Amino acid sequence: MKKLILILVISNITLFWYILSNLIEKSFVAFLDVGQGSSVLIYNHKFQILYDAGPPGFKVINKLNKYMPFYDKYIDVVIISHPDKDHYGGLFSIIERYKLGLVIINPQIVSESTYQKLIKKLIEREIPIIALKQGDKIITDKEELYILNPPNQLFKTDNQNSLVIKMIKNNKNFLLSGDIDHKVEKYLIKKFGQNLTVDYFLVPHHGSRYSSSDEFLSFLQYLSDPFGIIQVGDNNYGHPHKETLFRLNKLGISYWRTDLNGDFLIY
Amino acid sequence: MLANYFFFCSLFFLLGIIFNYYFSHFWFYFAFLALFFFKKLTLVFLLLLSFFFGGLYLNFFNELQKDNWITIIRELPPSEKRKKYLVSFNGQNYFFYYPFYEESLYPYDKILIEGRFLENKIFPEKIKSKKVSPFRKIYLFKEKINNTIKENYSFYTSEIIKGILYGEEIVDKELRSNFQKSGLSHLTAMSGYNLVILSALWLRLSSFLPVNFLYKNLISLFLIIIFVIFANFQSSVIRAALMVGVLILAKIIGRPPLTRNLIIFTALIISLFNPKALLEDIGFQLSFLATMGIIYLANIFEKIFKSKMLSEIMAAQCAVMPLILYKFGNFNPFAIISNLIILPTVPFLMILGLLAIIFYAFYPFNQLINIPFEVFAQIISLFSTFPQFYLSLPWWFIFSIYLIMLYYIYQNQKNEKIDFNFSY
Chain P
0 MKKLILILVI SNITLFWYIL SNLIEKSFVA FLDVGQGSSV LIYNHKFQIL YDAGPPGFKV
60 INKLNKYMPF YDKYIDVVII SHPDKDHYGG LFSIIERYKL GLVIINPQIV SESTYQKLIK
120 KLIEREIPII ALKQGDKIIT DKEELYILNP PNQLFKTDNQ NSLVIKMIKN NKNFLLSGDI
180 DHKVEKYLIK KFGQNLTVDY FLVPHHGSRY SSSDEFLSFL QYLSDPFGII QVGDNNYGHP
240 HKETLFRLNK LGISYWRTDL NGDFLIY
Chain V
0 MLANYFFFCS LFFLLGIIFN YYFSHFWFYF AFLALFFFKK LTLVFLLLLS FFFGGLYLNF
60 FNELQKDNWI TIIRELPPSE KRKKYLVSFN GQNYFFYYPF YEESLYPYDK ILIEGRFLEN
120 KIFPEKIKSK KVSPFRKIYL FKEKINNTIK ENYSFYTSEI IKGILYGEEI VDKELRSNFQ
180 KSGLSHLTAM SGYNLVILSA LWLRLSSFLP VNFLYKNLIS LFLIIIFVIF ANFQSSVIRA
240 ALMVGVLILA KIIGRPPLTR NLIIFTALII SLFNPKALLE DIGFQLSFLA TMGIIYLANI
300 FEKIFKSKML SEIMAAQCAV MPLILYKFGN FNPFAIISNL IILPTVPFLM ILGLLAIIFY
360 AFYPFNQLIN IPFEVFAQII SLFSTFPQFY LSLPWWFIFS IYLIMLYYIY QNQKNEKIDF
420 NFSY
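Here the protein sequences line up with chains P and V, keeping their order.
The numbering of the first sequence is numbering that gives the first Met the number 0, which starts it at 0 and goes up by one.
The numbering of the second sequence is numbering that gives the first Met the number 0, which starts it at 0 and goes up by one.
Isolated chain P (complex conformation):
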């Protein structure tokens, strides 16, 4: 009997310690290493946003399991920047294990069959889907998310129509850029100018050579001293491209590669 009481007391203490330690306000942005693909978890203890879901498979689930407490099975908002498999594929396994509050997509209509399957599954599970564009914003207790792209007049390709988001959290500015190319970068500079001040930015299109143009990088560098994160894994496209890395080095922008260095967390 004494043993039993002892066990109960100890398990109670550990339990309460665990729950209390998780209730303490915790907020961070995690750029997840999910292989070739992109996924960013924007976390605070009340509200979670996932920007892109990574490639198909369980890597995202693993990372979410690592950064979210085990009793939290609810993600408030999932943003799919554009319909590419390395950006929405992981959502197939996420919807099996987590309840989602809302899925945000870009306004372009895509008839690709796997994407249609995903939309169908989301509708089956009664998860609301909305399309946002330039000028929309999401405001939570801790974060402000402003959507910069795509504009009313859509671009031609789906990469160009990626949802580009500027986020302000803990007095830090983030730019989540999807797979945009140099054309869109030019457009963003023209349209937003001073507002593009960022501390951390996701290097567009996994460090492809057709994105992160000299103009864009030097403009960011001119506004503030940014830090780049390249979300990349094993791939056949040659990401991140040498030229991009060269441009980053030339301008003295330091960067973090998730394939070499793992996850990147900012508290």
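Read the hints as simulated data drawn from the structure, not as lab findings.
Please read all numbers here as calculations on a predicted model, not as lab measurements.
Please note that the accuracy of each hint is not assured.
Here are a few chain P residues that sit away from chain V, every Cβ distance over 10 Å (derived from the structure) [said to hold, decoys possible]:
| no. | residue |
| --- | --- |
| 1 | 139 |
| 2 | 223 |
| 3 | 237 |
| 4 | 241 |
In silico lysine-lysine, DSS-like type, Cα no more than 27 Å apart, as pairs [stated by the list, open to error]:
| no. | chain 1 | residue 1 | chain 2 | residue 2 |
| --- | --- | --- | --- | --- |
| 5 | P | 84 | V | 80 |
| 6 | V | 80 | P | 65 |
| 7 | P | 119 | V | 80 |
Even glycine gets a Cβ: it sits at the ideal position worked out from N, Cα and C.
Go by the hints and put chain V onto chain P.
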């Protein structure tokens, strides 16, 4: 006497299969020719006949399986980008890679595909037609349970519950390798242990039910069959289920079998359904070796250690170790310790898992069930850090070790008598 005839005929049938698998066919004609020298039905004649039939059955089976349908055997842990299935095609086993977003396939579905074949891998491009498996309803029910577990409990918890209750493969690479490294993968791969616990639970429960002896046992037989289907026809579960099933039947009839007959009968039934299973499926091999170790070798250790559990674990590990060393090249000597610590907790975890399924809707409270499983996962990862030893041994060394073991068993058991006071 009849029991002995049965034992040796089945043994030679199995030997015939093994012989025909490893050597060329013409040996069989010698066996066949030898049959003509006998004019009476003697034991040797019967043995040769069953040896011959064993070989014939293997060839016959190979021919029988040649249609262009792909049969799904079971789902394996997924690769990085695709779902992975074990399938059989024209009598051979392949790995079948299938996109994550497609509708899932269930064991004994049959499909016709267009696609690429690479060595032992199949990459489908288009599924032309599909025959639905006869057990589909059971699998859909299982899928429902899977989904409730997945949605309501944390990643590790759901994986462990699924693995420990009905042998679903763990999808997470890290957790799976932790189980393997610590020598505990038999827990999630459904060894007989889980089945024994479940049937013991059922017997406890059913003692409160107002049904008579016969029906109670028939119901448990039925439950075992359902359970085998639930566990995706995994090799170790089939073995355990056959053994338990025969024991239950024996209990109904009231006549216990010889242990060696029980073992050979299980092997025979499995070989009749798939003659290559015992030769190619490492799950079956390990499962049989461990069972034989527990049955025959445990009494040696029991003299030394005086503890039933420890000696059974030691015996199973001893029987399994040479084959593991031969196949995988590494072995964890601390597996004995980790088994000793973990095994007693498994019944509680299984009961907790059942509770987790039943009480999934009680939201904030059901999350408490996560805690023991999370702790369990941590302990397993701790065990997996224990050092392993790596050895590569030649096949004849392994073979002679097993021969010595067999000789020992033969010496001890040649006068095996039926123990009428059996209980399970």
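Taking the hints in turn, this is what the structure says about them:
1. 139: For residue 139/P, whose nearest Cβ neighbour in chain V is about 23 Å away, the distance exceeds 10 Å, so it holds.
2. 223: holds, 37 Å
3. 237: At about 19 Å from chain V, residue 237/P clears the 10 Å cut-off, so the statement holds.
4. 241: At roughly 26 Å from the nearest Cβ of chain V, residue 241/P sits farther out than 10 Å, so the non-interface label holds.
5. 84/P with 80/V: holds, 11 Å
6. 80/V with 65/P: holds, 20 Å
7. 119/P with 80/V: Given pair residue 119/P, residue 80/V holds - Cα atoms ~21 Å apart, limit 27 Å.
In summary, the structure agrees with every hint in the numbered list given earlier.
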